[in-house]
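S.K.: Sequence:
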Amino acid sequence: FVVGVHDQDKFELNAHAAGQMKSDALRWLFDYNTLEMISLATSMYILLFGLLFDTYSANSDDVHINVLASFTIAIFCVVILLFMSSVLIDIKRKFFPIFREKFAKD
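Numbered per the numbering used here, the sequence shown spans residues 79 to 184.
These are calculated hints, taken from the structure and not from any lab test.
Treat the hints with care, as some may be off.
[Claimed, not checked] Simulated restraints, written as ranges between beta carbons of each label pair: (1) Ala119 / Met162: 29 to 39 Å; (2) Val165 / Asp102: 14 to 24 Å; (3) Leu125 / Ala182: 46 to 56 Å; (4) Lys100 / Asp132: 18 to 28 Å.
Yeah, the Cβ is synthetic: ideal placement off N, Cα and C, and Gly gets one too.
Taking the hints into account, I'd like the entire structure generated from these sequences.
M.R.: Listed below in structure tokens is the structure:
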């Protein structure tokens, strides 16, 4: 609670805090430890779903099989996209300043 601050200043403080929280959340999401944790969790789910596919004997028209297959493919695609975006963000963070310095000297 901020005392002695006008309403406009409170709004600017809240907007700054929201921006900082968003930045911290993205930094946490693209951290390598977090990505490894997400990868291990989704790997366990995919293996579990594989066991369910193997033990569940039904025809391919069954709705449960199709939903489970779609969910498994969606999880796999989201994790792959997350890893690829993490690599691209890491390349941008580490190599673009080097290239910018190199071309600025020339």
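S.K.: Determine for every hint whether it applies to the structure shown.
M.R.: Here is how each hint holds up against the structure:
Evaluation of the 29 to 39 Å hint for Ala119 and Met162 yields a failure: the beta carbon distance comes to about 18 Å. In this structure the supplied range 14 to 24 Å holds for Val165 paired with Asp102, their Cβ-Cβ distance being about 21 Å. Hint check: Leu125 to Ala182, Cβ distance near 49 Å, so the stated range 46 to 56 Å holds. For Lys100 and Asp132, the hinted distance range of 18 to 28 Å is not satisfied, since their beta carbons lie about 42 Å from each other.
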